[in-house]
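Engineer: So the sequences go chain by chain: A and B.
According to the working numbering, the first sequence holds residues 1 to 70 in order.
According to the working numbering, the second sequence holds residues 1001 to 1448 in order.
List of simulated lysine-lysine pairs, DSSO-like, C-alpha gap at most 27 Å: (1) 53(A) <-> 1178(B); (2) 53(A) <-> 1057(B); (3) 36(A) <-> 1178(B).
In short, the hints are calculated from the structure, not lab data.
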Amino acid sequence: MKKITAAMAGTVLNVLVNVGDEIMAGQEVMMIESMKMEIPVESAAPGKVSEIKVNIGDFVNEADELIILE
Amino acid sequence: MRKILIANRGEIALRIINTCKYLGIETIAVFSDADKDLPYVKEADYAFRIGEPPVQKSYLNSGVILEIATRENADAIHPGYGFLSENATFAREVMENGLIFIGPSPDTIEAMGDKIIARETMKRAGVPVVPGSGGGVSTLEEAIALAEEIGFPVMLKASGGGGGIGMVRCENEQALSKQYDSTKSRAKAYFGSDQVFVEKFIKEARHIEVQIFGDQHGNIVHLFERDCSIQRRHQKVVEEAPSPSLSDQGRARLYQTAISAAKAVDYTNAGTVEFIVDSEENFYFLEMNTRLQVEHPVTESITGLDLVKWQILVASGERLPLLQEEIKASNVAMEFRLYAEDPVTYFPSPGTLTAFHWDVNSRVRVDTGYQEGNTVTPFYDPMIAKIITSGKNREEAIAEARRFFEGLSMVGIKSNVPLFKEILKEEIFLSGDYSTSYLESIKKNAIK
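Please model the entire structure based on the sequences and the hints provided.
Structural biologist: This is how it looks when you write it as structure tokens:
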């Protein structure tokens, strides 16, 4: 199981993938707003999205789990 | 007024406290857990914790802020900029609780906060607006048809947007199609409304704004302009006054138009009318900011006035202290926004300021919310300080800025100081002939 975590605290602006999607390494999966900047979250590894742990508008802290890959 | 609650944080809270001290007014600060060690908390006469770091749980929690203001017998609330400052519901609640809201009327805030209504209001008042959709666009097809009519490139904007967030430039139909849904969902997440509209993108434009002030007796004056064209991601980085490129004729027309815009909404207190100005000095209304602006010190520097003092006087029901012809400007002033960020990628860089000091003999004005040892947390905007320099001409203001940044010691976080050092010797900036695309156009390889 691989996890995608937040590199910085911020607010989830957009979730760009759905459960079941096959994603590639380097693909943008989420957009987080932090300190008035939109910061794309990329997946470090390829995999299939098994769970999305946050909703648009949620506040996340650094290192919080965002997406779980199978 | 004897006691004011400041519903804000950092440098602007401190800025307001300073004027209140000068006027003999007591101050109440509010702070989140992340800000408990910042200087403004100590400088206020009273300070109260309002919650956890995320803004929804602290600085946007109007209920808790109002409760403290009422309990502590505050006479007024100063909202600063950002947070609740342009929230008409909050302004109404403040007044319903028998307190003074230091700002314009809730109706004005509401009308100008919706970019589509603001455009309509200004059009009716004869103020030129950027060509674009009269109202919002409800489908992608409608947006494309309109963009083709006014011509690409266009800006797709959220009607509830502000602060440079929720707008995107689209070069062609393909880009517009690609950006449409994401801009809508972003607007929804950020501003609570997914309404968007389309505006023509003005090339080689300058962003010039006029400071205005109104009192409750129907008097409205302008306090000259500020040129805010040096931006990254539609957010200002350097501002200066006077604008280095406007002709005297263009300047006079701009002031007149700003006054007309203010009169159209019976404006009271401090406000700013923002314009986009093209290379032929055609100008278009962009938006009206119904609050004290971050860059207000530039205007204070050239006029020698204290705008926060004016805000408090006007909110108390007094007349504007000066008539239009009594307001004089001299000198050139520049403001540099010191951000905790990578100077090339602009990625935020929170962390602890292990060193933060500058030449004590410098006569530069430094408005900062932090001191050495404080931590810049990732919860709020990345601005650490505003550096305001001045001189008899641009050359002097620039030389003063160069000396300041050479003598500035800042350790612990990345900042945009290297970018300022580069700009301050860059030919186009020195000539004053720059547009809003300036920062994208200069070479970044020299910046380390």
